[in-house]
Every structure is written in C-alpha cells, then in structure tokens.
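Visitor: In order, the protein sequences belong to chains A and B. For the first sequence, position 9 matches number 43 in our numbering, and the numbering has no gaps at all. For the second sequence, position 325 matches number 329 in our numbering, and the numbering has no gaps at all.
The reader is advised that the hints may include incorrect statements.
[To be verified] Among chain B residues calculated to face chain A with C-beta under 8 Å, some are: (1) Gln239; (2) His355; (3) Phe466.
[Claimed, not checked] Only pairs whose alpha carbons sit at most 30 Å apart, straight line, appear in this in silico DSBU-like list of lysine-lysine: (4) B:Lys420 to A:Lys43; (5) A:Lys74 to B:Lys420; (6) A:Lys68 to B:Lys420; (7) B:Lys421 to A:Lys68; (8) A:Lys74 to B:Lys470; (9) B:Lys226 to B:Lys98; (10) A:Lys116 to A:Lys141; (11) A:Lys51 to A:Lys94; (12) B:Lys349 to A:Lys68; (13) A:Lys68 to B:Lys352; (14) B:Lys421 to A:Lys119; (15) B:Lys226 to B:Lys95; (16) B:Lys420 to A:Lys119.
[As the list claims (entries may be wrong)] Distance windows between CB atoms, simulated: (17) A:Thr60 to B:Pro177: 52 to 60 Å; (18) B:Lys420 to A:Asp52: 36 to 44 Å; (19) B:Pro559 to A:Asp101: 52 to 60 Å; (20) A:Val87 to B:Ile545: 26 to 34 Å; (21) A:Asp129 to B:Pro356: 42 to 50 Å; (22) A:Gly75 to B:Lys420: 14 to 22 Å; (23) B:Phe173 to A:Pro44: 54 to 62 Å; (24) A:Glu78 to B:Ile471: 17 to 25 Å.
Just so you know, these hints were derived from the structure itself, not from any lab. In this text, a Cβ means the ideal position worked out from N, Cα and C, and glycines have one as well.
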Amino acid sequence: MKKIEAIVKPFKLEEVKDALGEAGITGMTVSEVKGFGRQKGHTEIYRGSEYTVDFLPKVKIELVLPDAQAEHAVAIIIKSAKTGKIGDGKVFVSDVEEAIRIRTEEKGELAV
Amino acid sequence: MIKRRILIGALLASCFCSLVRAADDTNAPAGTNAPAGTNTTAAAAPADTGPKPDPAGTATGLSVDAQAPNGTFIVTEPTALSDDDKKDPAKVKKYADDKKAFDDYTAQAKLEPLAVKLSDSVGHNRVAVNFMWTLITGFLVMFMQAGFALVETGLCRAKNAGHTMSMNFMIYPMGMLGFYLCGFAFMFGGMGDPNSPSGGGISTMGGYGGLNHELGFHLGSKFIGLLGAKGFLLQGAGYDTAAFALFLFQMVFMDTTATIPTGGAAERWKFSAFMIYGCCIGTIMYPVFGNWVWGNGWLAELGVNFGIGHGHVDFAGSSVVHMQGGVIALIFCWLIGPRFGKYDKNGKIVHPIIAHNIPFVMLGTFILAFGWFGFNPGSSLAGTDLRIAVVAVNTMLASATGALGATLWMWWVRTKKPDPSMMCNGMLAGLVAITCPCAFVSAGGASILGLVAGVLVVESVFFFDKIGIDDCVGAISVHGVNGAWGCLSLGLFADGTYGDGWNGVPGTVKGLFYGGGFGQFFAELIGVTTCFVTLSVLSIIVYKIAEALVGNRVPQEVEIEGLDIAEMGVPGYSGMVMDKQSETPMPKGDTMAPSSPANKPLVAA
Numbered sequence: 035m036k037k038i039e040a041i042v043k044p045f046k047l048e049e050v051k052d053a054l055g056e057a058g059i060t061g062m063t064v065s066e067v068k069g070f071g072r073q074k075g076h077t078e079i080y081r082g083s084e085y086t087v088d089f090l091p092k093v094k095i096e097l098v099l100p101d102a103q104a105e106h107a108v109a110i111i112i113k114s115a116k117t118g119k120i121g122d123g124k125v126f127v128s129d130v131e132e133a134i135r136i137r138t139e140e141k142g143e144l145a146v
Numbered sequence: 005m006i007k008r009r010i011l012i013g014a015l016l017a018s019c020f021c022s023l024v025r026a027a028d029d030t031n032a033p034a035g036t037n038a039p040a041g042t043n044t045t046a047a048a049a050p051a052d053t054g055p056k057p058d059p060a061g062t063a064t065g066l067s068v069d070a071q072a073p074n075g076t077f078i079v080t081e082p083t084a085l086s087d088d089d090k091k092d093p094a095k096v097k098k099y100a101d102d103k104k105a106f107d108d109y110t111a112q113a114k115l116e117p118l119a120v121k122l123s124d125s126v127g128h129n130r131v132a133v134n135f136m137w138t139l140i141t142g143f144l145v146m147f148m149q150a151g152f153a154l155v156e157t158g159l160c161r162a163k164n165a166g167h168t169m170s171m172n173f174m175i176y177p178m179g180m181l182g183f184y185l186c187g188f189a190f191m192f193g194g195m196g197d198p199n200s201p202s203g204g205g206i207s208t209m210g211g212y213g214g215l216n217h218e219l220g221f222h223l224g225s226k227f228i229g230l231l232g233a234k235g236f237l238l239q240g241a242g243y244d245t246a247a248f249a250l251f252l253f254q255m256v257f258m259d260t261t262a263t264i265p266t267g268g269a270a271e272r273w274k275f276s277a278f279m280i281y282g283c284c285i286g287t288i289m290y291p292v293f294g295n296w297v298w299g300n301g302w303l304a305e306l307g308v309n310f311g312i313g314h315g316h317v318d319f320a321g322s323s324v325v326h327m328q329g330g331v332i333a334l335i336f337c338w339l340i341g342p343r344f345g346k347y348d349k350n351g352k353i354v355h356p357i358i359a360h361n362i363p364f365v366m367l368g369t370f371i372l373a374f375g376w377f378g379f380n381p382g383s384s385l386a387g388t389d390l391r392i393a394v395v396a397v398n399t400m401l402a403s404a405t406g407a408l409g410a411t412l413w414m415w416w417v418r419t420k421k422p423d424p425s426m427m428c429n430g431m432l433a434g435l436v437a438i439t440c441p442c443a444f445v446s447a448g449g450a451s452i453l454g455l456v457a458g459v460l461v462v463e464s465v466f467f468f469d470k471i472g473i474d475d476c477v478g479a480i481s482v483h484g485v486n487g488a489w490g491c492l493s494l495g496l497f498a499d500g501t502y503g504d505g506w507n508g509v510p511g512t513v514k515g516l517f518y519g520g521g522f523g524q525f526f527a528e529l530i531g532v533t534t535c536f537v538t539l540s541v542l543s544i545i546v547y548k549i550a551e552a553l554v555g556n557r558v559p560q561e562v563e564i565e566g567l568d569i570a571e572m573g574v575p576g577y578s579g580m581v582m583d584k585q586s587e588t589p590m591p592k593g594d595t596m597a598p599s600s601p602a603n604k605p606l607v608a609a
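Here chain A stands alone, though its shape is the one from the complex (with noise of 0.2 Å):
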C-alpha cells in the first residue's frame, strides 16, 4: 500500500477531491497547514511597521491507496491541483506498512 500526501491550494480542494471521487477513490484526510516552498514571503505593512509573511495556507490531503491505484491516483492529483503558478504544491509518496479498518478490523488492501 501506498500514502499519498499532497499539499495543494485551499481553493483546489473541492475539485481535487471530485476528480478522485469520479475515477473511485473516496477515502482521504484533509488537514489545513501553513507552509512555503522556495518562494520567499511577502512583505506587508500594519500601523507603519513592515512585516513579513513567511506561510501561507495550504490544504494537505492524505490518502491510503492499494499499489495499483497509486500512480493513477497521482496523476489525478497534479492534474486538477495544478494552476501554473506558483504555490502549486507538492505530492509526496510513501510505503505503508499495514492499514486496519476499526469497525470491522479488515485488514491489508481490504482496509483501503
């Protein structure tokens, strides 16, 4: 099994999550993060004292998927996630050791 953790922009979420819905994946975990990639922050101003803001807000969103749909998955991910500019985000993917449902305790790919 494999996790998939994208981290995308707030706005995107909805259609990152009907474009997975439609090619049958619907199991995720959505948290809201702060964060930057290589570009610098912005400069603003309160009261006449500049500032800077480093982070800006992000959704993560991890899913839990067999091998098989993983790349399927990321493909689906970047497509609706992307604008062109900057602040896209980044997908990170990662071995899963073992995954159990708790209400019936299935556990391994049945889980997922």
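Position chain B against the provided structure of chain A, taking the given hints into account.
Guide: Frame of chain A; chain B shown alone:
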C-alpha cells in the same frame, strides 16, 4: 497571598468609612443663599427655595424655570436697602425701579392667577425636557462602553480576547461605584459654593444648589477651588433628583475615561493590578482635574479670577475625559513596558502585533460614533438649548474628516495602504478633538480641526511606536494627543456665536482666528498642561501602589500563552485552535523581554 488581600480590603474599607463619616452632608441652613449666575441664561432662584434637596422630584421645576428667550419673566422682590445704601442715590433709584417692577408684576399676577399656575407647569415641563435629555444622552454614552470593548479587543490578539473584554467590562461597575462613593462628591460637591465666583446650582434642571461646599483657599480676594465635599454616596445634599441626573450623566463620562487605559496596557496587564486601578479611577484620579474644570474649580475660574479668556473651557470633555484617559494610558504603557516579541533589543519593531478582528474594531468605532451623539450634545444638560443641533452636526463632521484624513494620510503619504485600524483611529481622533469645541465652532471649523486630528493621530501612533511605548490600540494618540489638540483648537476656532457668560465671563467664547486674541488659547494651554502634569503624577502613584501590592505585569510565559486561561480561567474563544506561539515569536537570539522599569527578565530555561 490571602493575608495581603485581607489587608488591602481592610485598608480600602477603612478609607471609605472615614470618608463617609467625615462628609458633612447635612445641609447648612443657608436658605437665603441664592445660586449665583451660571453658564447659560439662568434664573435667580427665589430666596425661599434655597438648597434643599428634592429626592422625589416634586419640587423641581417651577415658574422661575419657565423662561422667555432672555430670561425668566418672574420678578422677585428686591432686597431692602441698608442705611448705608440709602445714602447712595444710584442705589436708591435702582431699588425704586426694581420695586416698581415687582409691584407691577404682583398686580398683574393678581389679575391673572391662572397664568401664574400655568407658568409653574411650563417651568416643570422645561425642566423635565432637560432631565430627559440629560438622562437619555447619558444612556447613549453608557453604550460606548460596548464600543470601547469591541475596539480594544479587536485590535489585540485572539488569545487575550477574554481578558481584554473583561477589563472593559469590569471597569464599568468599578468606576461607577468609585464615583458613587466619593468621586462625584469630589468633582461636583462644590459646584454651588458661594466662594466660586461663577459657581451655581444645576441651572438647567431646576437650579438645585445644595452641592455647595468646595475645598480650596483664598489668594487675596480670589478663591482657588480644589475639590468638592458634598454628595458622598448620594446622600443628604446629594439625594436630589437633579443631582441624581447629573450623577448618571457625569458617571458615564468618567467611565469613558476609565476604559481608555485598558486598551493601551492590554495583553500584559494583570487583572488584579487592573482592579486596583479600577478602585482609584472613579474615586480620585478622574474627579480631581474634573472638579477644576467642571466643578467650578480653579481652572474654570481662570477667566473670572485672572482675566484669562473664559477660563479653561471644555464643553464635553476633550481634556476632562479623553486627555485624562490618554495621559493615564501613556504612563501605564510606559511603565509596564512593551509587549514581548514586538521590539528587538535595540528598540526596533521586528514583529508588529496585528489586530485579530477588524470587524470588531469597526463595529466598535461605529458604536462609539453613535454614542458620541449623546456625549457631545448631551453636555448641554438641556434639551431646551437649541445649540444642541450645532453640537451634533459638528460632532458628526469632525468624525468624518477625521476618518478621511487618517485614511488618506496613511494611503497617499505614509504606507500606501489605507489601513482599516487607522481609519477607525482617525474617526475616533476627530471625535475626541471636536469634543471640547463642539458648541463653539462652525461646521467649517469642525471639519478642519477633525481633518487635522486625523493626520495627527497617525503621526502620533508612529511616534510612540518608534520611541518604544507600546500602545496596543492607539489610546494615547487618539485620546491623549487629540484631547489636547481639541482643547487648543477651541482657542483657535471658537467663532463667537455661543457661550455668553461661560464660566461667569461675559461675552461669547471667541478664539484666535475670529478676533478673540490669545486669551482663550492661553487658558486652554494652561488646562491642557495641568491635565498632563496632574494625571501623570496620579498615574505614577497608582501604578506604584499596584506594583507594590500585586505587580502589574504578567509573567512572560503567561504573556506568550495568552492571558485568558492564566488570568481569567476561561478562554475567550473556546474550541478554536490558535497558534499562540507563532503570534509572538522570540526575538532572534534573545530570550529576554524588552527592558522596562517594571519588567523582570525571564530566567533562561
């Protein structure tokens, strides 16, 4: 800790007990003491009413209060001439003229008994209009407490919302009770003292003159009034309906002053230290200067005593209310030190602390602007004084030009962005500035001085930020600096259309730009300077007392975590995730809070 609290409680209780016992509230039976001429066209009370309190309100408002445009139509019997007077032909003639007028009036009254009865009713209604006006505008000003609470909380951080709101909440009852205990008596207890040349009764509400004992001293033939001494706990001479109406109105003004420093010193002020301040503001800090200006104390009498304009004139309180609050805020902000993380060791701002709720700030500002319609026009204490229309419009115009001035100054000149927090500070600055001169200037004058206030508040905020005095909400700049500007602007812009007889000085109030010379400006300057010096001293004393008893500033860990849980026990926004640490990052390579006289450095963990 408990022992210390018992000690404090016992100390305060014994102070107040001795005050109450010492207060001489029994009326001196000086029944013939008719109140002297007062601020507006007033009636000389008939000799038989005297300063007897009227708690039921049934004896307030008589024929004598039913006024023709130029004064009452009631004619009183002239005082009989002494043997010495009879030698003076001018006095003899005047007595003869007055006696004839009185005899004519008495004869006419005999012919029209119904008219005399009706005049009592007219007088009562006129006084009732003024009572209603004073009370209802007072209610509007009370609502400003909500405005201040929202503005201050919105400009501070979310993790301190519960604490900031609580200070603004508790200051209302604390200030009120202090004022009730003795503050009102200190401030207005001497307003009718015969020693004060321009003192008098509550002229617009029936002329009650029972608050007539002013503590002071004589400088040759001149009386220097310092503090009132009647009306403690609103008993005795204080238990009169007019006195009660005056108390309510003046109390909400005092509470406006009281709530100003809570904004400046927020986010690091211990709640216990704030409560000690709350005990002191209504009882003594506010009433002293208040008596000098509005209680017919020495600043009001500068005109009559020393010929300086009309004395220190302040219609609705740019100095009495706002500048007092601003100076207290200045001293407290200075002594308590800046918030942790904002400045680096060299005093440069490295991390401005951003408002967490701009909608609160703007909503609060609108509430304040609305309440100001009670603040300024209400200060006439008379719905029958039609100048209130001018006062209200001037107030409104200054608020608008203040907001616009601050916005454009920020946008076009200073920072290229029309900062919402400054928009609000600008509107409030305009309102503070117009508070003193509102009854004495034209629409043009009001607009111009409001515009100046808008620019002034921006520059003032930048100035205090630069010198390391961390004012969370701009209280010093809005209320202190513009309170002073408001008073000085009266000395410039008063156009001579109003104020005849103000503070006992004949003639209308005229400023420099309208041919009045420097007199009024000089009187305002004296008042403003006195305010600064007096309140600085009082604030330092109160701060030191609180420092000795409980300490003023919260520990650094509490400041970083947020005051809501540590000080108040309840979060302002329960259930909301807040990134408290990153709201206040450590200055680079430094674990110590910026230095201040009262601040203790954090011991490195």
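Visitor: Indicate, hint by hint, whether the structure satisfies it.
Guide: Right, here's what the structure says about each hint:
With its C-beta approaching chain A no nearer than about 48 Å, glutamine 239 of chain B sits outside the 8 Å limit, and its interface hint is violated. Below 8 Å, beta-carbon pairs count as interface contacts, and histidine 355 of chain B has one with chain A at about 6 Å; its hint therefore holds. Because the closest C-beta pair between phenylalanine 466 of chain B and chain A is about 5 Å apart, less than 8 Å, the hint holds. Of the supplied pair hints, the one linking lysine 420 of chain B and lysine 43 of chain A holds, its CA atoms being roughly 28 Å apart against a limit of 30 Å.
Taking the CA atoms of lysine 74 of chain A and lysine 420 of chain B, the gap is near 22 Å; set against the 30 Å cutoff, the hint holds. With a C-alpha separation of about 27 Å, the suggested pairing of lysine 68 of chain A with lysine 420 of chain B holds against the 30 Å cut-off. Under the criterion of a C-alpha separation no larger than 30 Å, the hint pairing lysine 421 of chain B with lysine 68 of chain A is consistent with the structure, at around 25 Å. Between lysine 74 of chain A and lysine 470 of chain B the alpha-carbon distance is near 27 Å, which keeps this suggested pair within the 30 Å criterion.
Proposed proximity of lysine 226 of chain B and lysine 98 of chain B is supported: the alpha carbons are some 28 Å apart, at most 30 Å. A threshold of 30 Å between alpha carbons decides the hint, and for lysine 116 of chain A with lysine 141 of chain A the separation of about 34 Å lies outside it, so the pair is violated. This hinted pair checks out: lysine 51 of chain A and lysine 94 of chain A have alpha carbons roughly 12 Å apart, not beyond 30 Å. For a cut-off of 30 Å, the pair hint linking lysine 349 of chain B to lysine 68 of chain A stands: about 29 Å separates their Cα positions.
The suggested pairing of lysine 68 of chain A with lysine 352 of chain B holds, with an alpha-carbon distance near 27 Å, which does not exceed 30 Å. Taking the CA atoms of lysine 421 of chain B and lysine 119 of chain A, the gap is about 25 Å. The hint holds against a cut of 30 Å. The straight-line distance between the Cα atoms of lysine 226 of chain B and lysine 95 of chain B is roughly 26 Å, inside the 30 Å bound, and the hint therefore holds. Of the pairs offered as hints, the one joining lysine 420 of chain B and lysine 119 of chain A holds, with about 26 Å between alpha carbons and a cut-off of 30 Å not exceeded.
With their beta carbons about 57 Å apart, threonine 60 of chain A and proline 177 of chain B fall inside the hinted range of 52 to 60 Å. As the Cβ distance of lysine 420 of chain B to aspartate 52 of chain A is approximately 40 Å, the hint placing it in 36 to 44 Å holds. Restraint check, proline 559 of chain B to aspartate 101 of chain A: a C-beta distance of roughly 54 Å satisfies the suggested window 52 to 60 Å. A beta carbon spacing of about 43 Å between valine 87 of chain A and isoleucine 545 of chain B contradicts the range 26 to 34 Å that was offered as a hint.
For the pair aspartate 129 of chain A and proline 356 of chain B, the supplied restraint of 42 to 50 Å holds, since their beta-carbon distance comes to about 45 Å. A C-beta distance of roughly 18 Å is found between glycine 75 of chain A and lysine 420 of chain B, which places it inside the suggested range of 14 to 22 Å. Between phenylalanine 173 of chain B and proline 44 of chain A the beta carbons are some 36 Å apart, a value that contradicts the proposed interval 54 to 62 Å. For the hinted restraint 17 to 25 Å between glutamate 78 of chain A and isoleucine 471 of chain B, the CB-CB distance of approximately 23 Å keeps it satisfied.
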